[in-house]
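Visitor: Chain G is already provided as a structure; the job is to place chain D on it using the hints.
Protein sequence lines, in the order shown, are assigned to chains G and D. Heads up: the first sequence is residues 711 to 1113, going by the working numbering. Heads up: the second sequence is residues 711 to 1113, going by the working numbering.
Keep in mind that the hints are not guaranteed to be accurate.
As the list makes no split between identical chains, a pair holds if one copy fits it or if it spans any two.
[As the list claims (entries may be wrong)] 25 Å max Cα-Cα, derived PhoX-like pairs, lysine-lysine:
(1) Lys1052 <-> Lys1062
(2) Lys893 <-> Lys735
(3) Lys994 <-> Lys1076
(4) Lys997 <-> Lys1107
(5) Lys1100 <-> Lys994
(6) Lys994 <-> Lys1012
(7) Lys1032 <-> Lys976
(8) Lys1107 <-> Lys994
(9) Lys1010 <-> Lys788
(10) Lys1100 <-> Lys997
(11) Lys788 <-> Lys1032
(12) Lys976 <-> Lys1076
(13) Lys997 <-> Lys1101
(14) Lys1076 <-> Lys997
(15) Lys732 <-> Lys901
(16) Lys994 <-> Lys1101
(17) Lys732 <-> Lys940
If you're looking for bench data, these hints aren't it; they were derived computationally from the structure. Treat the numbers as computed from the prediction; the structure is a model and nothing was measured.
Protein chains: 2
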Amino acid sequence: MKSVGVVVEYNPFHNGHQYHIKQSKKKANADVVIAVMSGHFLQRGEPALVDKWNRTKMALSCGVDIVIELPYVFSTGKAEHFAKGAIQLLSAIKCDSFAFGSEDGNIEPFYNTYSLLQDYRTEYNELIKYYITKGNSYPKSLFEAYEQLKQKRPQLYIDLSQPNNILGYHYLEAVNVINSSIKPITIQRIKAGFHDDIQLDSTIASATGIRKALFEHDDELNEILRYVPKTTFTQLQHWQQTHQQFVHWEAFWPLLSFTITRYLPKDLTQFADVSEGIEYALIKYAKISDSFTTFMNHIKSKRYTWTRLQRMLTHIFTGITKEQLQQHESPTYLRLLGMTSKGQQYLGEHKKDFELPLISRVAQTKDDLLQIDIRTTEIYSQAIQLFSTKKIDGDYKTPPIRM
Amino acid sequence: MKSVGVVVEYNPFHNGHQYHIKQSKKKANADVVIAVMSGHFLQRGEPALVDKWNRTKMALSCGVDIVIELPYVFSTGKAEHFAKGAIQLLSAIKCDSFAFGSEDGNIEPFYNTYSLLQDYRTEYNELIKYYITKGNSYPKSLFEAYEQLKQKRPQLYIDLSQPNNILGYHYLEAVNVINSSIKPITIQRIKAGFHDDIQLDSTIASATGIRKALFEHDDELNEILRYVPKTTFTQLQHWQQTHQQFVHWEAFWPLLSFTITRYLPKDLTQFADVSEGIEYALIKYAKISDSFTTFMNHIKSKRYTWTRLQRMLTHIFTGITKEQLQQHESPTYLRLLGMTSKGQQYLGEHKKDFELPLISRVAQTKDDLLQIDIRTTEIYSQAIQLFSTKKIDGDYKTPPIRM
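So here's chain G without its partners, still in its complex pose:
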């Protein structure tokens, strides 16, 4: 059987995702779709709307055949690290190809940009430094340096200001770095705009737009009905009935602010990226802010972007230290979250070729990377008890979802 891989968060799974899966399968001419999905903490430093089991069900009921968990260390990492971990897993599970979304659906510009930045690495870095010293933000400096570099070799390049393109770039980079035979494919995204509000004239909205709509309307599900498959709707409904509300930083604020307040500044620097005095601001404003948004508006700056801060806060919240994160360059296992019968068939046929052990049940384990996933699941589960009387299924003894 031929397989195509996708790298996802499904927070939540929506019509755009379903479209991406259909197109990927067609373009890759694949029989099964394998999704590498983040667990409970996501790449922009946010807790997931609902738990990973619930999101696995959304995926399996909409065309995904196998869901593998992207370990916390990679799911909360910078684009480069995130992409590398994901591609390593898709290679290890022997995907023939993987498909990612891009603005114009053409793979050529990705290769062009990648080789351009490879060939002119040193010059590129010097240009970035130059623009930073001229007082530009890091993103802005990247942009300027890139614009200038493009002049050297006139051809089609990707727009690196698009988050999806940046990820795509790092996917190609990862394939190259780990020297994998997996074939990259890109699918043009149906325009919704990465951070757009939902548009009433369409059935496509970004996950960000969907979450925004939910939170702005007190978790009123009907607000997003048209943008998600029926099965996503049912899963979200089920979560709501079981746990009262959806998860986001605002809901965790009493725990997050208390956790920050209990630290001394020097002890906060054990967490990734917490340094240069931001630790004092974190504590000072955690004490006086009565909501997560107020807090973020106090501390965000050109230097400390919203996403960068949220990643710091994620690690402070879960208690996973810089040292723990740095110990893990590559995934050490394939954690199976769920499968369809076709997915099961694929696993049966290819298991012997997998480059990493397939874990369907988490027993007591010595694997540090897996320990971190288990721990962060526990933290997430403990935290939702702020508003939910029910916990989520733990990693121990929860078998893979079958659909």
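Guide: Positioned in the frame of chain G, the structure of chain D alone reads:
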């Protein structure tokens, strides 16, 4: 002016306290009453029902002229440490005498018991060891050893199974150890029973009984109306209007359980008395218990009594480590929480003789002991935001209450 000292928690201030103040003043023939009062965390390892400012107002409006804070390190310590810190403060502020409550109001038996245990210290300890090896609990062994020792010298002794007598014993011990000239006085308590439920035929109830009544009736203040002075009632009412509910471990459970869960077992052992494996039980049951009471019933045992566990949890909650606690043998300042005009007059007249600096306003300070008080006030304030939109007054810039 002559002064008499009292050592209190006022959690909350009730009719029994008012009676004790009147009698102490009379028996000591004093002009002013100086109370050494615990801050936000108390001797049995519990957070205070309402904050220290509110409780200071209760005291000043019912006969206390000066309220000095007993630092966290002593207010959450074992009886011996608690008593020593309190007596050191009352001596430092030049109290002529201090009065404590006892079951029969006679000071003689306290002296008798104290010298008996002094004269037979070694024998006493050996007897205790003996009874423990015979499988008795520590309190039970103390009791048996004491009973046996009493035979050596037949005279009146105190009943050491009474918490108030134990405290009284340690007060005398402290006076002796620090070699203070302060005169001990004891006042017979109006029977209410230390842990009794409130009795409807009386206007006297223990603070424990009063808190119990409050929590069992959803903070319904009318339940305790008859047992507290009008001014206490008003203060509690004010707190309720400002902060919605009264403070107890049950209300803090989401924060406490989350805090425990975030620790690795080995990291919990940095807190006082957490050792010998109890750290594993704390984490295990914090994860599965949906209330503080459920949690405590899981972990309490003959070895780990309710109070011993609550003290551990207090330190875990505030983040104050064993090492920090052990650094402080004696108070280093007199922290003024409030005063009446008469109290102010006393301070003016005797200030020059005080053996410790009188602190009315907490500025940035290097004093570690004071830092701990400030920090635990912040933790308490942060924690009540679980149910309150308002914080309490911080230690910085909050001037002493004047009444």
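Visitor: Decide, hint by hint, whether the structure agrees.
Guide: Cross-check of the supplied hints:
1. Lys1052 <-> Lys1062: Intra 17 Å, inter 87 Å, cutoff 25 Å: intra-copy only.
2. Lys893 <-> Lys735: within (13 Å within a copy, 89 Å between copies)
3. Lys994 <-> Lys1076: So Lys994 and Lys1076 pass the 25 Å test across copies only (19 Å; inside, 38 Å).
4. Lys997 <-> Lys1107: Classified as between: cross-chain Cα gap 16 Å, same-chain 39 Å, threshold 25 Å.
5. Lys1100 <-> Lys994: between (33 Å within a copy, 17 Å between copies)
6. Lys994 <-> Lys1012: Classified as within: same-chain Cα gap 19 Å, cross-chain 42 Å, threshold 25 Å.
7. Lys1032 <-> Lys976: both (14 Å within a copy, 19 Å between copies)
8. Lys1107 <-> Lys994: Classified as between: cross-chain Cα gap 16 Å, same-chain 41 Å, threshold 25 Å.
9. Lys1010 <-> Lys788: within (18 Å within a copy, 45 Å between copies)
10. Lys1100 <-> Lys997: Result: close only across copies, 12 Å inter versus 29 Å intra.
11. Lys788 <-> Lys1032: Cα proximity of Lys788 and Lys1032: one copy only (13 Å, versus 38 Å across).
12. Lys976 <-> Lys1076: between (30 Å within a copy, 17 Å between copies)
13. Lys997 <-> Lys1101: Between copies only: 9 Å across chains, 28 Å inside a chain, cut-off 25 Å.
14. Lys1076 <-> Lys997: Only across copies: Lys1076 and Lys997 sit 21 Å apart there, 38 Å inside one copy, limit 25 Å.
15. Lys732 <-> Lys901: For Lys732 and Lys901, only the intra-copy Cα distance (16 Å) is at most 25 Å; the inter-copy one is 79 Å.
16. Lys994 <-> Lys1101: between (32 Å within a copy, 14 Å between copies)
17. Lys732 <-> Lys940: For Lys732 and Lys940, the Cα distance is within 25 Å only inside one copy (17 Å; across copies 73 Å).
Of the numbered hints listed earlier, not one is contradicted by the structure.
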